[in-house]
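In my numbering, the protein residues as written are 13 to 101.
If you are wondering where the hints come from, they were derived from the structure by calculation, not from laboratory data. Some clues are possibly wrong.
The calculated DSBU-like cross-link candidates involving lysine-lysine, where the alpha carbons are at most 35 Å apart (straight line), are [unchecked claim]: (1) 55 x 78; (2) 61 x 14; (3) 14 x 73.
It should be emphasised that the depicted structure is a prediction, and the values quoted were computed from it without experimental measurement.
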Amino acid sequence: VKIRGLTKICGFFSSLERPIDFEAADKQPVDLIFTLLAPENNKGTEHLKALAMVSRVFNDKNIRAKLRSSENTDSLFAILTINEDSKAA
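Let's have the full structure, built from the sequences with the hints guiding it.
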């Protein structure tokens with residue numbers, strides 16, 4: 013989503029207590045949600061790079077399991093950003 017007044021790309025992660033059936037192709041209910049927000053005037057590819065990173069993270073079943081079992085925001089942040097750091101190296 014592109015937002016007026018936003019100055020940088022932001023993301024929000026949610027883990028649902030009760031999964032929601034979105035009638036997905038894999039027939040699995042959704043319990044992990046990531047929302048990506050970008051500045052309205054973002055003309056570069058930064059938001060596409062962020063979206064690709066989110067896709068890589070959520071396609072990894074081991075990372076999804078870690079997200080589901082995480083008990084605090086610090087561990088969630090570490091899980092979501094460790095993949096980003098390892099790709100940069």
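Now the hints, each set against the structure:
{"no.": "1", "hint": "55 x 78", "result": "holds (34 Å)"}
{"no.": "2", "hint": "61 x 14", "result": "holds (15 Å)"}
{"no.": "3", "hint": "14 x 73", "result": "holds (29 Å)"}
Checked against the numbered hints above, the structure violates none of them.
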